[in-house]
Amino acid sequence: MTKPTIAFLGIGLMGAPMARNLLKAGFKVHLWNRTQHKAENLIADGGQVFEHPYEAVAGAQAVITMLETGQIVDSLVYQSRLLDSLEAGTLLIDMSSIPPSLAKQHARQCAIRGLAYLDAPVSGGTAGAEAASLSIMAGGSEEDFGRAQAIFSALGSQTTYIGPAGSGQLAKCANQAIVGITIGAVAEALLLAARGGANPAAVREALMGGFASSRILDLHGQRMLDRHFKPGATSRVQLKDLRTILDTAREEDLTLPLTEQAYNEYLELASKGLEDVDHSGLLLQLEAKNRTKLNREI
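Read in our numbering, the sequence shown has 139 at position 139, and its numbers run on one by one without any break.
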């Protein structure tokens, strides 16, 4: 079966390795990014770079968006003439993290024009994107989910059909609530251990063998110990996702106090100019609040 031509819009921290994996899998990939030189880094891998998104989507059977915010996705694709330039049946896959309500709106806009739509956000960070081991959570029709399997298999190791349009984004909200809250819990636990005189590295190792073990403790706990805050996922994006969760909760008449607290801590971190550190850098905010570091006083 001939593989579809894919237009990939958004060649950033996540988009670049994802697009590269599609090229490795033998897809023809049209590339567009607002900062064009980032897309040009993939020319050697076989990607074709276009100056305008309208040019990139021409002749594509699938369009993937991997952009930072729902507002950017909406402005670039759904509040422009881009949809009108697509042939009926084209599959739009939004792998960005956007509000579920906005995903539902985009699905309706696509249906009116005879286009297919999936909201398919991912989890796994840049490491997962590079290794093609992302977890992909998809909302939309089961038929369109089936159409996308060849694409998803080049990007992730686990792909789950969640439900109708918007469901993928709800799953991503759940993911980001757990991630944001757990990063805060790990940072607090390591600070507590260190302040009391324990070796935080040894504490992490001990906890990894017990009920508190998690990928956050494993990967981000080690990042905190190493003070390695080069972003795999930025605190700015984590803050944006927590805001989306709280907005969605409000729409559903829910109160999420742990998410609210995590949001406030990330907001304070961003106010200090640290929005571009890795989201494990929430440790920095807690250190500043407590005037301490993992092993020494400030």
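Treat the hints with care, since some could be wrong.
[As the list claims (entries may be wrong)] Taking CB as the label site, the calculated pair distances span: (1) 253 - 131: 37 to 43 angstroms; (2) 250 - 112: 25 to 31 angstroms; (3) 26 - 55: 21 to 27 angstroms; (4) 2 - 202: 29 to 35 angstroms; (5) 247 - 222: 29 to 35 angstroms.
[To be verified] The calculated DSS-like cross-link candidates involving lysine-lysine, where the alpha carbons are at most 27 angstroms apart (straight line), are: (6) 289 - 38; (7) 28 - 38; (8) 24 - 104; (9) 104 - 38.
These are calculated hints, taken from the structure and not from any lab test. Bear in mind the structure is a predicted one, so any value in this text is a computation, not a measurement. For glycine and all other residues, C-beta sits at the position ideal for the given N, C-alpha and C.
Against the structure, the hints:
no.	hint	result
1	253 - 131: 37 to 43 angstroms	40 angstroms, holds
2	250 - 112: 25 to 31 angstroms	28 angstroms, holds
3	26 - 55: 21 to 27 angstroms	22 angstroms, holds
4	2 - 202: 29 to 35 angstroms	56 angstroms, violated
5	247 - 222: 29 to 35 angstroms	32 angstroms, holds
6	289 - 38	37 angstroms, violated
7	28 - 38	18 angstroms, holds
8	24 - 104	32 angstroms, violated
9	104 - 38	30 angstroms, violated
The structure fails hints 4, 6, 8, 9 (numbered hints given earlier, in ascending order).
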